[in-house]
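Protein sequence lines, in the order shown, are assigned to chains B and L. Just so you know, the first sequence maps onto residues 564 to 1248 in our numbering. Just so you know, the second sequence maps onto residues 564 to 1248 in our numbering.
A couple of the hints might just be wrong.
[What the hints assert, rightly or not] Distance condition first, Cα-Cα at most 25 Å in a straight line; then the derived DSS-like pairs of lysine-lysine:
hint, chain 1, residue 1, chain 2, residue 2
1, B, LYS1206, L, LYS1200
2, B, LYS921, L, LYS1108
3, L, LYS1108, L, LYS1094
4, B, LYS921, L, LYS1135
5, L, LYS1023, L, LYS847
6, L, LYS1206, B, LYS1200
7, L, LYS1135, L, LYS679
8, L, LYS762, B, LYS1206
9, B, LYS886, B, LYS921
10, B, LYS1206, L, LYS1094
11, L, LYS1067, L, LYS1094
12, B, LYS1200, B, LYS1190
13, B, LYS1094, L, LYS1206
14, L, LYS921, L, LYS679
15, B, LYS1094, L, LYS921
16, B, LYS1023, B, LYS854
17, B, LYS612, B, LYS1131
18, L, LYS1094, L, LYS1131
19, B, LYS1135, L, LYS1094
20, L, LYS854, B, LYS762
21, B, LYS1190, B, LYS854
22, L, LYS1067, B, LYS1206
23, B, LYS1067, B, LYS845
24, B, LYS847, B, LYS588
25, B, LYS1067, L, LYS1067
[To be verified] Which bits of chain B does chain L cover? Going by a derived footprint, with three or more residues having C-beta under 8 Å, they are:
hint, region
26, 946–957
27, 1013–1022
[Claimed, not checked] Using C-beta positions, here's what the derived DEER-type ranges look like:
hint, chain 1, residue 1, chain 2, residue 2, range
28, L, VAL1196, B, GLU769, 26 to 34 Å
29, B, ARG916, L, ILE620, 52 to 60 Å
30, L, ILE620, B, THR843, 53 to 61 Å
31, B, LYS762, L, TRP962, 55 to 63 Å
32, L, GLN719, B, GLU816, 57 to 65 Å
33, B, ASP590, L, LEU1154, 53 to 61 Å
34, L, ILE620, B, ASN857, 48 to 56 Å
35, L, ASP771, B, ARG1124, 48 to 56 Å
36, L, PHE907, B, LYS762, 52 to 60 Å
Please keep in mind that the hints were generated in silico from the structure rather than gathered at the bench. Please read these numbers as outputs of a predicted model, since none were measured by experiment. For every residue, glycine included, the Cβ atom is placed at its ideal position computed from N, Cα and C.
Number of protein chains: 2
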Amino acid sequence: MLTLVFVVGLAGVAVAYVLSRQVLKADTGTAEMQSVALAIKQGAGAYLKRQNTTIAIIIGILALVIYVLYGARGEMAIGLKTVGAFVAGAVLSALSGYFGMAIAVRANLRTAAGAKVGVNRALQLALRGGAVAGFLVVSLSLLGVAGLFYLFGGLQNPTAVPMQLVGFGFGASLVALFAQLGGGIYTKAADVGADLVGKVEAGIPEDDLRNPAVVADLVGDNVGDCAGRGADLFESSVAESLGAMIIGIAMYEVFGLGGIIFALVAHALGLVASMIGVFTVKVKGDEDPMKSLNRGFLVTAALAFVGFAAAARLLLYTDTAPKAWLLFAACGLLGLLTSLAFLFITQYYTSHRYRPVKSIVEASRTGAATNIITGFAVALENTFAPVVVVGIALLTSHWLGGLTGLDGGGLFGTALATMGMLSTVGYVLAMDTFGPITDNAGGIVEMSNASEDVRNTTDKLDAVGNTTKALTKGYAVGSAALAAFLLFSAYLEAAGLESIDLAKPVVFVGALMGGMLVFLFASLAIRAVGKGAYYIINDVRDQFKENPGIMAGTSKPNYARCVDIATKGALKQMVLPGIVAVAVPTLVGVLLGPEAVGGTLMVGTIAGVLLALVLNNGGGAWDNAKKYVETGVYGGKGSDVHKATVVGDTVGDPFKDTAGPSLHVLIKLLSTLTLVLLPLFTLFR
Amino acid sequence: MLTLVFVVGLAGVAVAYVLSRQVLKADTGTAEMQSVALAIKQGAGAYLKRQNTTIAIIIGILALVIYVLYGARGEMAIGLKTVGAFVAGAVLSALSGYFGMAIAVRANLRTAAGAKVGVNRALQLALRGGAVAGFLVVSLSLLGVAGLFYLFGGLQNPTAVPMQLVGFGFGASLVALFAQLGGGIYTKAADVGADLVGKVEAGIPEDDLRNPAVVADLVGDNVGDCAGRGADLFESSVAESLGAMIIGIAMYEVFGLGGIIFALVAHALGLVASMIGVFTVKVKGDEDPMKSLNRGFLVTAALAFVGFAAAARLLLYTDTAPKAWLLFAACGLLGLLTSLAFLFITQYYTSHRYRPVKSIVEASRTGAATNIITGFAVALENTFAPVVVVGIALLTSHWLGGLTGLDGGGLFGTALATMGMLSTVGYVLAMDTFGPITDNAGGIVEMSNASEDVRNTTDKLDAVGNTTKALTKGYAVGSAALAAFLLFSAYLEAAGLESIDLAKPVVFVGALMGGMLVFLFASLAIRAVGKGAYYIINDVRDQFKENPGIMAGTSKPNYARCVDIATKGALKQMVLPGIVAVAVPTLVGVLLGPEAVGGTLMVGTIAGVLLALVLNNGGGAWDNAKKYVETGVYGGKGSDVHKATVVGDTVGDPFKDTAGPSLHVLIKLLSTLTLVLLPLFTLFR
């Protein structure tokens, strides 16, 4: 069965390679398009190079710290394994981000050129470009976890090895944190900076070639949504596998190795389902492209469930409880339904067809203040349904698992629900990366003076891309909540704790700190965007002053300089929130001990899920309220209502693209960090 | 010692009576002033009458439910006591709000008239008017708790009676919830409604007599800040006394009755200190009136500590641990210092002299969106310091208490820190009610065409009142956090639970629900303001249409009709959030059991404290950013920067005056509700 995992993992890489060849072979459009795309490609490459250098230094230092830590306890061998896994997790996460983005910044041009042929062609190119990222992320996470499991002797000693892999998860979390933070800061700093200095100060339209920040803005979509979210979901996938494997250890006497590697097998089959799903997507005639993508998702989900049930029958069958596998398969189905529920709820709160966005538009008639108040009320309200859904999913899967009558069956049931939810991750990531590709394609078409027809096609796809981006965020936060819950159990196990007792003062204070960390981190992430934007505004002002030919249209602005400044700014600004994210749980652990940090972990997760929902969907709702007015209602573009919605949209930008997504990563980082640094927390006790 | 409590309690009522006579004897100004003040008085009275009728119905229904509940368990006697305590808590809370406001709506006119004499005269009248509310709140809470303790046979059976008093706390919480919610909705709905339809639509200035909503706006200050916050702090004071008494039971073998009634004695001495403090306040020459108020606070705090230490020596001296009383007195000092720290932090985050507000003003230069983004970042950031302070206070007092070597000394130490913090509550409430009185005085002066000089005086006091209102909110949230922590222990005790283990799925889900409840409740409270404002806007539009003479200035608008409509609207809108606040913990308790609801309680408290800090101080910072620009910086009133800050101020209004303060009450309601409904949660188990 482990062989199957390796085969599918390698097959995923192979399919990603084939897809990328297909995409690269496609028409690359006009020379004008190519020059814009080249600038984006170079900018994104330069950003990623710098980011990875910075991250490499941080990873190096932490690797040393971890090694010394384990060494101080005389656990050299485990220390070496943990450090090895840590570095491997970091490298694979960075690699999957790198390759995924390398294709995305090439697929954008092909999508723009493909838009001349028609919607179906452009959509297929964008989705397949996105699928390269999606498949690579899942494949590399499978190969990484399965490979280390094999290397560390998991076949001989399956109950001890999974805990030695937590370093892999920590490495992946850390890279994800910086990738999502840095990318999120970059993308919104460039967006806000370009808008403020271009539209507001210089009075030139959006995506105008004379604006030196316009390329930085397009680069931002790739480094934020593509590389950032890729690292986020790589991490979710790893964290979930590790958590499920550790929980599977408790079932070793019943299911043997099968219970431990079930997560990997389920992921592998889910990847196969995602591949088939992506290849079935086709826009039929004039239909809404979103419909085609939804069809592909349903195909993926159905196939993933079939694979899941088959794997349950094979690996989780036992004579002592012959119906257990059926109950566990039902847990998987529950997870899939949970992901569907999350997609629906996200759509309800962020689409203009439903009450929430409509109420924001309505409130905008009395100005920007009421737009913000109503949007904030909507954002706070939208925590209700997802929390109830997660609560029901956790308790029902725990109950179903308990019905098997097996010891530890309840917890194993919750692990299976999480696996069910994450079994479609390959397809979801393809849809997500689809977003920046179509967004970029739209930008390229706009900047290369293509025909009206082509613009309409890319505009249509761009709108779909916005929806898929919002949906992925809903999916990411739901899966983060469930994956984190699995790692709680791992933490309790590792720390030898029976409970996390909130009634103890140290635990309560640890819990308070966890909640506060989430709020403080979000504050720093939001503020970082503002600071990052200032660097860009200043550079654009300088360029206009130094070279008056830019505004006259007689000479080209220096896009690369703006990209470079945005890069440096974002990387500088990501340091403080990154340090806070690592420092707060570490300090709580060192000062107050392992049980207190358990409180930090759990309440941090709860607060993180809630605030991420507020920021993501609040931002999405404000965005779509503006877009809805731009379709012509209440006076359309330029009206007072529109101006009010623009304020809301600008406020929502750093919420939904920087702070919110970074919180998903923070949630999982808390789990993996506390697991890896546990020796430190017990050192002085 | 219990006699002392009764004596001080009655003395507090007597002093309140004397103060109110003093205030009522003062000059009542011109006929114009009197007519405005009369309208406010009638409006506030009508509101409170309707509100109390609504609350009485709810209380009646719940009293029946509680009685049936205990009856079903065959605990008729305890059921009757609980219901009696519940009704008494509700009635005393309503009474203290009623009398406090009755004086406030009379002191406003006297303060306006006193402004002709000078700042000192006006400040003293406003503060003494406020002190009536403050002293009554503390006195009635003392008389209520001590009286019931005596009536229920506390002297004979001191270890059993305190738990029978929790109904008193629940009654107080419930009235506080509706008073704060209804009052908060009323005040901001009237404010926003009056502004939108007056300033924006009709183009008339603020506080213009032609605006039919202008009286409703002034009424709102009384029902929100005066009656609402009064009920909030009545409840804090009760919750803290009850929690401390229950914790004191564990020390019964060491300290006897003294340990149980210590909280009441400390409160009584604190009330004496507050009285002396209020009487020392005097504005010396040209000094900033805030300085005089601060001086009074320091006098109060110093005297309260002396009383606290003396009480500790008398009641907490034991030969087995002769230094214990010193350590416990140190815990009280810690609590006092915590309240000082909270006042300082609140000031740092909401005063224009420091970085946070300055950064908002700076960001407003690029428009409303950046004003909101920066303000929100400031609001999120401001959770850091208070949480660290509360954490340090809890752990240090627990440690100090533990140093006594007495069993349960740690927890008792945290109780004493809370008592220390709340020992100045009388003075703080006087400062708080000072706010609406001076605000009203300003409105009366404005609307009665008084001279420039008088206006300057009331403007100065109004600014001070805004500061004191913000400070009280900081104090209220800090004391709510500590008081809630005390009640956790009571809950564990009552439910017979050893721990609240977050690692259990039901407890984790209960905790998730607690966090979500806070966000959902805040959303509903914020939205209620918007809905309430619509009623007012519609009525004002109707009045302008029906009677064109209003705008021409030839006939008077119908203020009473607007007040009546605002009243009905606010009371209607407070029902839904009120039901949600009661329903969520009840459902969790019934469906998932007592330990899960413990998770709801604790994580709800953490999330509530964090979100209340965000909403209160975020709102305060936006408010003062606007006020700072109005002093003339960046172009002053009417400039683009000013417009951007007006948006932030409007957004912050329902945050800081409706949702934030209501969350304080929700936190404590969670504690008392779970304690009282505990029999329901265990019914089916």
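Status of each hint after checking the structure:
Under the criterion of a C-alpha separation no larger than 25 Å, the hint pairing B:LYS1206 with L:LYS1200 is consistent with the structure, at around 21 Å. Between B:LYS921 and L:LYS1108 the alpha-carbon distance is near 29 Å, which puts this suggested pair outside the 25 Å criterion. A C-alpha spacing of about 22 Å is found between L:LYS1108 and L:LYS1094, which places the hinted pair at or below 25 Å, so the restraint holds. At roughly 23 Å between alpha-carbon atoms, B:LYS921 and L:LYS1135 fall within 25 Å of each other, so this suggested pair holds.
Taking the CA atoms of L:LYS1023 and L:LYS847, the gap is about 15 Å. The hint holds against a cut of 25 Å. About 21 Å separates the Cα atoms of L:LYS1206 and B:LYS1200, which keeps this hinted pair within 25 Å; it holds. Only pairs whose Cα atoms come within 25 Å are accepted, and L:LYS1135 paired with L:LYS679 is rejected, the gap being roughly 41 Å. The suggested pairing of L:LYS762 with B:LYS1206 holds, with an alpha-carbon distance near 19 Å, which does not exceed 25 Å.
Using a Cα cut-off of 25 Å, the hinted pair B:LYS886 and B:LYS921 is violated, with the two alpha carbons roughly 48 Å apart. About 23 Å separates the Cα atoms of B:LYS1206 and L:LYS1094, which keeps this hinted pair within 25 Å; it holds. Among the hinted pairs, L:LYS1067 with L:LYS1094 is inconsistent with the structure: their alpha-carbon atoms are about 40 Å apart, more than 25 Å. For a cut-off of 25 Å, the pair hint linking B:LYS1200 to B:LYS1190 stands: about 9 Å separates their Cα positions.
Note on B:LYS1094 and L:LYS1206: the hinted pairing holds, with a Cα-Cα distance of about 23 Å set against a maximum of 25 Å. Of the supplied pair hints, the one linking L:LYS921 and L:LYS679 is violated, its CA atoms being roughly 34 Å apart against a limit of 25 Å. With a C-alpha separation of about 15 Å, the suggested pairing of B:LYS1094 with L:LYS921 holds against the 25 Å cut-off. A threshold of 25 Å between alpha carbons decides the hint, and for B:LYS1023 with B:LYS854 the separation of about 13 Å falls inside it, so the pair holds.
Between B:LYS612 and B:LYS1131 the CA atoms are separated by roughly 11 Å; this keeps the pair inside 25 Å, and the hint holds. Note on L:LYS1094 and L:LYS1131: the hinted pairing holds, with a Cα-Cα distance of about 12 Å set against a maximum of 25 Å. Straight-line distance between C-alpha atoms of B:LYS1135 and L:LYS1094 comes to about 44 Å, which puts the hinted pair past the 25 Å bound. Distance hint between L:LYS854 and B:LYS762 is unfulfilled; the C-alpha atoms sit about 47 Å from each other, more than 25 Å.
A threshold of 25 Å between alpha carbons decides the hint, and for B:LYS1190 with B:LYS854 the separation of about 20 Å falls inside it, so the pair holds. Of the pairs offered as hints, the one joining L:LYS1067 and B:LYS1206 is violated, with about 49 Å between alpha carbons and a cut-off of 25 Å exceeded. For the suggested pair B:LYS1067 and B:LYS845, the alpha carbons sit about 57 Å apart, so the restraint of at most 25 Å is broken. Straight-line distance between C-alpha atoms of B:LYS847 and B:LYS588 comes to about 24 Å, which keeps the hinted pair within the 25 Å bound.
Using a Cα cut-off of 25 Å, the hinted pair B:LYS1067 and L:LYS1067 holds, with the two alpha carbons roughly 16 Å apart. A count of 7 residues in the region 946–957 of chain B with a Cβ less than 8 Å from any Cβ of chain L is obtained; the coverage claim is therefore met, three being the minimum. Judged by the Cβ-Cβ criterion of 8 Å, the region 1013–1022 of chain B is not covered by chain L as claimed, because only 0 of its residues qualify and three are needed. For the hinted restraint 26 to 34 Å between L:VAL1196 and B:GLU769, the CB-CB distance of approximately 32 Å keeps it satisfied.
Distance hint for B:ARG916 and L:ILE620: a CB-CB separation of about 39 Å, inconsistent with the stated range 52 to 60 Å. At about 60 Å, the beta-carbon gap between L:ILE620 and B:THR843 stays in the expected band of 53 to 61 Å. Taken as a hint, the range 55 to 63 Å holds for the pair B:LYS762 and L:TRP962, whose Cβ atoms sit roughly 57 Å apart. At about 58 Å, the CB distance of L:GLN719 to B:GLU816 agrees with the hint of 57 to 65 Å.
With their beta carbons about 59 Å apart, B:ASP590 and L:LEU1154 fall inside the hinted range of 53 to 61 Å. Between L:ILE620 and B:ASN857, the C-beta spacing of about 49 Å keeps the proposed range 48 to 56 Å intact. The hinted window of 48 to 56 Å between L:ASP771 and B:ARG1124 holds, with their beta carbons roughly 54 Å apart. Distance hint for L:PHE907 and B:LYS762: a CB-CB separation of about 42 Å, inconsistent with the stated range 52 to 60 Å.
When held up to the earlier numbered hints, the structure conflicts with 2, 7, 9, 11, 14, 19, 20, 22, 23, 27, 29, 36 and fits the remainder.
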